[in-house]
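Peer 1: Input sequences plus hints: build the corresponding full structure.
Chains A and B are the protein sequences, given in the same order. Position 241 of the first sequence, counting from 1, maps to 241 under the working numbering, and the rest follow consecutively. Position 246 of the second sequence, counting from 1, maps to 246 under the working numbering, and the rest follow consecutively.
Simulated from the structure, these hints should not be mistaken for lab results. Don't take each hint at face value.
Stated by the list, open to error - DSS-like mimics (lysine-lysine), calculated; alpha carbons at most 27 Å apart, straight line:
1) A:Lys-89 to B:Lys-89
2) B:Lys-297 to B:Lys-19
3) A:Lys-166 to B:Lys-89
4) B:Lys-205 to B:Lys-15
As the list claims (entries may be wrong) - What follows is a list of derived Cβ distance ranges for each label pair:
5) A:Asn-86 to B:Ser-131: 36 to 44 Å
6) A:Thr-185 to B:Asp-139: 53 to 61 Å
7) B:Ser-281 to A:Ser-113: 22 to 30 Å
8) B:Ser-281 to A:Leu-321: 40 to 48 Å
Ideal Cβ positions, reconstructed from N, Cα and C, are used throughout, including at glycine.
Protein chains: 2
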Amino acid sequence: MKILIIGAGGMVGQKLVYKLLEPNFNAFNIDEICLFDLYLPKYKDTRIRRVIGTVENSEILKEFSSERFGLIFYLASVVSGEAEENFEKGWNVNLFSMWNFLSALKVEHLNSSRKYIPKVIFTSSIAVFGSPFPDKIDDEFLCSPQTSYGAQKASIEILISDFSRKGFINGISLRLPTICVRPGTPNKATSGFFSNIIREPLNGKKAYLPVDPSVRHWHASPRSAVNFLIHAVSLETFQLENRRSLNLPGVSCTVEEQIESLRSIAGQKAVDLIVPKKDLSIQNMVKGWPKNFSHLKASQLGFKSENNFNEIIKIFIEDDLN
Amino acid sequence: MKILIIGAGGMVGQKLVYKLLEPNFNAFNIDEICLFDLYLPKYKDTRIRRVIGTVENSEILKEFSSERFGLIFYLASVVSGEAEENFEKGWNVNLFSMWNFLSALKVEHLNSSRKYIPKVIFTSSIAVFGSPFPDKIDDEFLCSPQTSYGAQKASIEILISDFSRKGFINGISLRLPTICVRPGTPNKATSGFFSNIIREPLNGKKAYLPVDPSVRHWHASPRSAVNFLIHAVSLETFQLENRRSLNLPGVSCTVEEQIESLRSIAGQKAVDLIVPKKDLSIQNMVKGWPKNFSHLKASQLGFKSENNFNEIIKIFIEDDLN
Chain A
1 MKILIIGAGG
11 MVGQKLVYKL
21 LEPNFNAFNI
31 DEICLFDLYL
41 PKYKDTRIRR
51 VIGTVENSEI
61 LKEFSSERFG
71 LIFYLASVVS
81 GEAEENFEKG
91 WNVNLFSMWN
101 FLSALKVEHL
111 NSSRKYIPKV
121 IFTSSIAVFG
131 SPFPDKIDDE
141 FLCSPQTSYG
151 AQKASIEILI
161 SDFSRKGFIN
171 GISLRLPTIC
181 VRPGTPNKAT
191 SGFFSNIIRE
201 PLNGKKAYLP
211 VDPSVRHWHA
221 SPRSAVNFLI
231 HAVSLETFQL
241 ENRRSLNLPG
251 VSCTVEEQIE
261 SLRSIAGQKA
271 VDLIVPKKDL
281 SIQNMVKGWP
291 KNFSHLKASQ
301 LGFKSENNFN
311 EIIKIFIEDD
321 LN
Chain B
1 MKILIIGAGG
11 MVGQKLVYKL
21 LEPNFNAFNI
31 DEICLFDLYL
41 PKYKDTRIRR
51 VIGTVENSEI
61 LKEFSSERFG
71 LIFYLASVVS
81 GEAEENFEKG
91 WNVNLFSMWN
101 FLSALKVEHL
111 NSSRKYIPKV
121 IFTSSIAVFG
131 SPFPDKIDDE
141 FLCSPQTSYG
151 AQKASIEILI
161 SDFSRKGFIN
171 GISLRLPTIC
181 VRPGTPNKAT
191 SGFFSNIIRE
201 PLNGKKAYLP
211 VDPSVRHWHA
221 SPRSAVNFLI
231 HAVSLETFQL
241 ENRRSLNLPG
251 VSCTVEEQIE
261 SLRSIAGQKA
271 VDLIVPKKDL
281 SIQNMVKGWP
291 KNFSHLKASQ
301 LGFKSENNFN
311 EIIKIFIEDD
321 LN
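Peer 2: This is the structure we're talking about:
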């Protein structure tokens, strides 16, 4: 099988590549993994092909379509903070690039005698939901994004669903929880602080907390994110019952509970490195974010996450802490 | 006030124009009504300006933006049957023209020292919903369109909401029930038969019924549609509570109940003109359409429709039957 990963240079993308290259990973019988992003690390595995570029280049997207990858992970995205700052860029890169890509896949599907219906796994987000909402969001709750990033994810979900319904692709949108603990340096995602307050203290560094500790949010580890992506490949259309966008499992906890987990694992010394520093604009954005999900359907379909925040910290220590 | 009606040549558009021109209608203190469509009837009122063209022409949309209409009704749409037949055309005319128009309005908003935030009333549709759904859809139920037309309407709703949240426009999307009884000749809307089986017999003509009489659906009269559009203008942003897409009131009834209403008003002779002629493709599309709504929020906001199908037929006889 030939696999294409668009946005393979991001944090989840890199972890997905490592997972696919693990010696004992043999789910897909992989011939080639083509990686596409603005930046990509190097890999020694001969099945890897690296292509540097941007999804704003519709010609490259057309070339990819003509290569007929059987499985496509679409992870590329302008992140939430940047999409909010730069309205044009957010809509162009997030929505219109996806439109161009899906249209190119459709042309390939229609123009050939040899049937082509690629599986497309798209990383959506819980940012498709907006307040007011119930404490626990169920599988039938409406999308009403209150950020441009969420609006772009929700629009793409609709495209993926309609292109799939017409039979041009076989797509699924995974509404990832906020991925925590993110390794590396902070990016422009507004949700970054949920990771910063764990990662930085575990590295002996200070971290700023811009919101009240009572803020409740919805998390899963990077390891779970990769498992979600891989599990989604195995799903059959009939299992989805006309719903190609899934709320995934995760851990609902407050910032205070996150800090308690940190204390229980790394002690008061780590917790002392968290410095409260209110940021009203972040506090206001976070107010419109979901707190908890029932995720009945995704669980029935076999998706699994961590059970509590302690597990999330332990996975960070195992997988990413130097 | 200067008003722009995009899609003014359609059935609802024409009725809206007539309403605005009524001698005793003085809600908006109208200086000008600019009508835009592929086809437009002529009007004697000097406040009317007619512009013939298509929303696919983004230059015209830019010119309209620079004219700073205070109130814009956006009714233009490729209808459901055509959007399903011609995938490219549906997405281009419905979604991308709206994107071009909203972007032009945003440029006007940002480029000037004199504040410009037009009110935009968009006619969405209950086609944003797709099965499986409950018998009665509430205000918080998810959009999961099962037609391209519905997917396009749902995508536009997201755009309208995000452009409004950023303050570029002040938009509302009205999810109109199926408008019934449509006057004139049938168009390519798949839902046309709901009107045909009433209008044609009342005109002494045969009408074909492509679905089972047990099919239940959601209706409102053209007169209600116009009233919805005008009532929406008066709503303030704070009343919407972050939800700019509204499920409107209507009448839930089966085709059988429609036929009973026809019988009670026009007798068995009229009913005898309805000829059952199953069409599987229509039957399958209609299966995915909503049956009933709770419309709590819209009712609280003052939107009103008919109470039963008899009233809907009587309005057709009063307003449209020759």
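Peer 1: Mind listing which of the numbered hints don't hold for this structure, in increasing order?
Peer 2: 6, 8
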